[in-house]
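Undergrad: Dock chain B against the given chain A, drawing on the hints supplied.
Protein chains: 2
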Amino acid sequence: MPDGLGRGLDAPLFERVVIIGVGLIGSSLARVARRKNLARTIVACDRSAAVRERVVALGLADETYEAPAEAVRGADFVILCVPVGACGGVAEQMKEGLAPGVIVSDVGSVKQSVVNQVAPHLPENALFVPAHPVAGTENSGPDAGFATLFKGRWCILTPPGGSDAATDRVRAFWEGAGSNVEVMTPAHHDLVLAITSHVPHLIAYNIVGTAADLEEVTQSEVIKFSAGGFRDFTRIAASDPTMWRDVFLNNKDAVLEMLGRFSEDLTALQRAIRWGDGDALFNLFTRTRAIRRSIIDVGQETAEPDFGRRKVDEA
Amino acid sequence: MPDGLGRGLDAPLFERVVIIGVGLIGSSLARVARRKNLARTIVACDRSAAVRERVVALGLADETYEAPAEAVRGADFVILCVPVGACGGVAEQMKEGLAPGVIVSDVGSVKQSVVNQVAPHLPENALFVPAHPVAGTENSGPDAGFATLFKGRWCILTPPGGSDAATDRVRAFWEGAGSNVEVMTPAHHDLVLAITSHVPHLIAYNIVGTAADLEEVTQSEVIKFSAGGFRDFTRIAASDPTMWRDVFLNNKDAVLEMLGRFSEDLTALQRAIRWGDGDALFNLFTRTRAIRRSIIDVGQETAEPDFGRRKVDEA
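Protein chains in written order, with my numbering: chain A, 1 to 315; chain B, 1 to 315.
Bound-form chain A, shown alone (with noise of 0.2 angstroms):
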């Protein structure tokens, strides 16, 4: 098939798919749901009507609900695709409808926070298996998703009790969406996520606010001249402001363990170029070099190059 995806499943994999918050990622996940047949019915869920009336233009979901309560009953499974520190509220909203032995997660990219709010409100008879797909781009909202989004991308799941049956039926739908899954603890998914995410968010963040601020050079110059590097940063800098102010106010330890191992090892770079260390700048970027080369290895990158985005040919 075009897409890359494959043919769907020839039943579907749960009957009734509810998905609370319908921006880039859960409208991507209700795009490939009915492409991949992971659902017999998918139901959209989110408190803003101008998002529903889109999710219906769109075509997103069989059926569309303002309240999470109204929204969960009779479902198999209901992913919460709502800002990580939204997540405790919606929990709170929806566990008077959840049926027994509903599976219940969640695409936060912080997971021990998702877990201390959502787990006290659930019913003992739900089962509670967090995910985290690794994917997305700097835009927002049901228009921005598209069903290709987690393919070939990696989903973490963070069950409380280990792998078991419920994981199993989470990950066959992670799978089913394109993904490679894998299974750790919320701990050290924060950790993780904390050095390959969380704090290269906060510095792009940072930077493009820090040129914002400069009296010396133009904003008019900043923009024209930031094809040299700056332009990346902004990027990633344009990524959604809720979502991301709840991802460093729900994962404040690991951030600040490393944003310290960072900002420790920036204060030694500023030191070599202060004291003309030019063997200590070519080491570190030689090195750097080659976890580059393993990310294109491993399949999360391509080769072609990237800063002459209007690349068109070669001579």
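Honestly, the hints are just simulated from the structure, not real lab data. Remember, it's a predicted structure, so these values are computed and weren't measured experimentally. Every residue, glycine too, gets a C-beta built ideally from N, C-alpha and C. Among these hints, one or two may not hold up.
[Claimed, not checked] Some, not all, of what chain B presents toward chain A, calculated at C-beta under 10 angstroms:
#1 P123
#2 N125
#3 W154
#4 P200
#5 I223
#6 D246
#7 R261
#8 F285
#9 A290
TA: For chain B alone, kept in the frame of chain A given last:
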């Protein structure tokens, strides 16, 4: 024409253009000079025999030399395309061969240091117009270049006496390569590029190094889950180590100044996270989104999302 570069000039702009150092930038210049008829004769000079062999195999030049003094004989335009720290040495090696009235330029990412290194070696009747094309990729060497690298990108000229006839000819050359040209002082250039290019590169190198040194998170985890944001830093941190060592050693003051501001701002963000100041985070993250929009509006980037690199189609 399919490359979007338009048709070339009717008569060559220069008679004999010498490109000293045939890496990513030098080889891209050779390609576009040929395609757009910017030079009657293209001369390539490189101290590496392996590079000269590739130049011949790729058909990038009409003549190939090892020694700068031989290469530049009879030239009306000489462009140094070597790392910033090597410019002074090359200028000294080539000075004997320079013809009266020759225009000498470069492509260095730092300008004041290049002026200081090169100017003392030039004969009085040589015309020096330093240049910096703000374009590149993370790849290096003669095979990495392509004719459209400079298309739609800015090239900054820092002529010592402001605009004059020689500056106009260098401007025409870069406009012929598809670039927009801007003139400023070397000192201002170095400040602008410190924030739009040099500090972003240093930060990218630094975080990739920090991630490589962690004990709690394995290297393979960093590589696997890089799609969360880290991946974009690794691309920047794969840039040429020699070139970038020289940039930092030769733009020390501006880099240290901008790095100081960056670190101050990062400390403030760190404090906001520690104290749970969500509003401070949200306000910065909203402000930085607007800057991204401006970069797209002025044509230095497309709105196409780039995190989900494997995006195949929309559902």
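Undergrad: Run every hint past the structure and note whether it holds.
TA: Hint check results:
1. Among the interface hints, the one on P123(B) is violated; its C-beta lies about 31 angstroms from the nearest C-beta in chain A, farther than the 10 angstroms criterion.
2. At its closest, the beta carbon of N125(B) sits 33 angstroms from a beta carbon of chain A; the interface hint therefore is violated under the 10 angstroms criterion.
3. The interface hint given for W154(B) holds, since its Cβ lies 6 angstroms from the closest Cβ of chain A, which is under the 10 angstroms cut-off.
4. For P200(B), the shortest C-beta to C-beta distance to chain A is roughly 4 angstroms, which falls under 10 angstroms, so the interface hint holds.
5. Using the Cβ-Cβ criterion of 10 angstroms, the hint placing I223(B) at the interface with chain A is satisfied: the shortest such distance is roughly 5 angstroms.
6. For D246(B), the suggested interface contact is upheld, since its CB lies about 8 angstroms from the closest CB of chain A, less than 10 angstroms.
7. For R261(B), the suggested interface contact is upheld, since its CB lies about 5 angstroms from the closest CB of chain A, less than 10 angstroms.
8. Here the hint on F285(B) is kept, as its CB sits about 4 angstroms from the closest CB of chain A, short of 10 angstroms.
9. The criterion of a C-beta within 10 angstroms of any C-beta in chain A is met by A290(B), whose closest approach is roughly 9 angstroms, and the hint holds.
Checked against the numbered hints listed earlier, the structure breaks hints 1 and 2; every other hint is satisfied.
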